[in-house]
Amino acid sequence: MLEESSLQPEWLSEEVSTGTTIIAIAFEGGVVIGSDSRVSAGASVVNRVMNKLSPLHDKIYCALSGSAADAQTMAEIVNYQLDVHSIEVGEDPLVRSAATLVKNISYKYKEELSAHLIVAGWDRRAGGQVYVTLDGLLARQPFAIGGSGSSYIYGFVDAEYRQGMTKKDCQEFVVNALALAMNRDGSSGGVAYFVTIDKDGTDEKCILGNKLPTFFDE
Amino acid sequence: MHTDLSETVIVFVSFFRNALLERDVAKVGCSLPGARKTGTTICGVVYKDGVVLGADTRATEGMVVADKNCSKIHYISPNVYCCGAGTAADTEMTTQLISSNLELHSLSTNRLPRVATACRMLKQMLFRYQGYIGAALVLGGVDCNGPHLYSIYPHGSTDKLPYVTMGSGSLAAMAVFEDRYKPDMEEEDAKRLVRDAIAAGIFNDLGSGSNIDLCVITKGKVDYLRPHDEANKKGVRTGDYKYKSGTTGVLSKLVIPLQLELMEESVQTMDTS
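Quick note, the sequences are listed as chains L and R, same order. For the first sequence, position 204 matches number 204 in full-length UniProt numbering, and the numbering has no gaps at all. For the second sequence, position 175 matches number 175 in full-length UniProt numbering, and the numbering has no gaps at all.
Hints in this document: simulated from the structure, not taken from any laboratory. As the structure is a prediction and not an experimental result, all values here were calculated from the model. Mixed in with the good hints there might be a few duds.
Claimed, not checked - Restraint-style ranges between C-beta atoms, simulated for each label pair:
{"#": "1", "chain 1": "R", "residue 1": "TYR132", "chain 2": "L", "residue 2": "GLY29", "range": "27 to 35 Å"}
{"#": "2", "chain 1": "R", "residue 1": "LEU225", "chain 2": "L", "residue 2": "TYR80", "range": "47 to 55 Å"}
{"#": "3", "chain 1": "R", "residue 1": "GLY146", "chain 2": "L", "residue 2": "GLY29", "range": "30 to 38 Å"}
{"#": "4", "chain 1": "R", "residue 1": "PHE203", "chain 2": "L", "residue 2": "LYS108", "range": "45 to 53 Å"}
{"#": "5", "chain 1": "L", "residue 1": "CYS206", "chain 2": "R", "residue 2": "GLU103", "range": "51 to 59 Å"}
{"#": "6", "chain 1": "L", "residue 1": "GLU172", "chain 2": "R", "residue 2": "PRO78", "range": "26 to 34 Å"}
{"#": "7", "chain 1": "L", "residue 1": "LYS108", "chain 2": "R", "residue 2": "PRO78", "range": "56 to 64 Å"}
{"#": "8", "chain 1": "R", "residue 1": "GLU103", "chain 2": "L", "residue 2": "GLY155", "range": "20 to 28 Å"}
{"#": "9", "chain 1": "R", "residue 1": "THR272", "chain 2": "L", "residue 2": "GLY42", "range": "51 to 59 Å"}
{"#": "10", "chain 1": "R", "residue 1": "ARG23", "chain 2": "L", "residue 2": "GLU160", "range": "54 to 62 Å"}
{"#": "11", "chain 1": "L", "residue 1": "TYR80", "chain 2": "R", "residue 2": "LEU20", "range": "56 to 64 Å"}
{"#": "12", "chain 1": "R", "residue 1": "LEU20", "chain 2": "L", "residue 2": "GLU160", "range": "55 to 63 Å"}
{"#": "13", "chain 1": "R", "residue 1": "SER108", "chain 2": "L", "residue 2": "GLU160", "range": "25 to 33 Å"}
Note that beta-carbon positions come from the ideal geometry of N, C-alpha and C, so glycine has one too.
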């Protein structure tokens, strides 16, 4: 008879993490933000189609990575705080405000939380912006990558990024980066979601696994 | 509804007392009884008219079955039910607490509660306890926006999906779902699919067993089928260890009645008003 060490496999008690590859890039007039869709608990995939691009407001999205519970909770709290803030000021909030709210939580609960959110969006004052909030810092960047799968594409994004890319170039950049990372990282996979935000609105798209661009060795 | 993280305080005064107790008991060579876990296979599926939830009925205490027919599908509100895996006490108490709060909320809003509300309440409570409440839940129901199904993990993360499985038998059940799930199934197909998924968990996982309970939730109606399928019926014994009366021959019989005197008789009534 096969001996099992316990009736509860370890992955049942392991924390659910989003493994992940997330990426955001700003262009003239907007941003493109993208993610994979795999959620793992230890070695098991618990959700293969999770949309990690969470709306904080109409034209501001954040990409979740790290512990699923921490990231989801942070996004929901900031969503609430932004709603209150935008009612108080009477107009659409700035992307910088959203990023600051995320940063405040990340910094205050640095030791307790283990999630990284990339905030990206469009507002009237500064156009398309991408902010990183890792470890509680707040920095604006032309593009940002995060999650366990990002390690595999640092070379790719550094080599491929050029200033002045159009919206279409940015979408292609995001999809290619996600496809490459999902291929190499065990904790990333499933489908690719990406959202394009500009002054005209937000456009959410999903590319199924078998429709992703293929590279060498596939 | 939101959590104010500045009020997050983990209160675990018993934690230290329990640790000391465990150390003292270990000195004598025993161990404290463990928490009863439900082992478990639970799952749910969204079909054309609503949601079907399914669960096995075995509760284990270590390697021993503590309850062969426990009920893992808990009532949350008339249109929302929740299956629980993990620590039995945690799932029981958590679902009862949220059910109570949801009833008050529903009286206050004068509306039938929504599944998303129950999900928010559960995830915010579980996140507050940082995973120490071992409750992994499958929450399903039908509200004004249609049928919804959520899976909620002990640390507080949730997934909204058309089909979910949880518990130690979840991989076996998920294999069945991934093979045969189709969107917009009919009720009989959905019930059969859930029954087969739980059966896969029961027969391939040591922590799950006994019968299959189903709960079919549609707009305005709930069918709580307990048991839906007795997958493991207790067999009839072919032999008997009892001897027939008269097998042993009786040689003689002696009866001595005992002489007892009635000393005192008194009646005391208890006031039960």
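Structure-based check of each hint:
1. R:TYR132 - L:GLY29: 27 to 35 Å: Violated: the Cβ-Cβ distance is about 47 Å, outside 27 to 35 Å.
2. R:LEU225 - L:TYR80: 47 to 55 Å: violated, 39 Å
3. R:GLY146 - L:GLY29: 30 to 38 Å: Given range 30 to 38 Å: holds, Cβ gap about 37 Å.
4. R:PHE203 - L:LYS108: 45 to 53 Å: holds, 49 Å
5. L:CYS206 - R:GLU103: 51 to 59 Å: violated, 38 Å
6. L:GLU172 - R:PRO78: 26 to 34 Å: violated, 51 Å
7. L:LYS108 - R:PRO78: 56 to 64 Å: Roughly 41 Å apart at Cβ, these two residues miss the hinted range, so it is violated.
8. R:GLU103 - L:GLY155: 20 to 28 Å: violated, 57 Å
9. R:THR272 - L:GLY42: 51 to 59 Å: holds, 56 Å
10. R:ARG23 - L:GLU160: 54 to 62 Å: Distance hint for ARG23 (chain R), GLU160 (chain L) holds at roughly 59 Å.
11. L:TYR80 - R:LEU20: 56 to 64 Å: violated, 41 Å
12. R:LEU20 - L:GLU160: 55 to 63 Å: This hint holds: roughly 59 Å between Cβ atoms.
13. R:SER108 - L:GLU160: 25 to 33 Å: violated, 55 Å
When held up to the earlier numbered hints, the structure conflicts with 1, 2, 5, 6, 7, 8, 11, 13 and fits the remainder.
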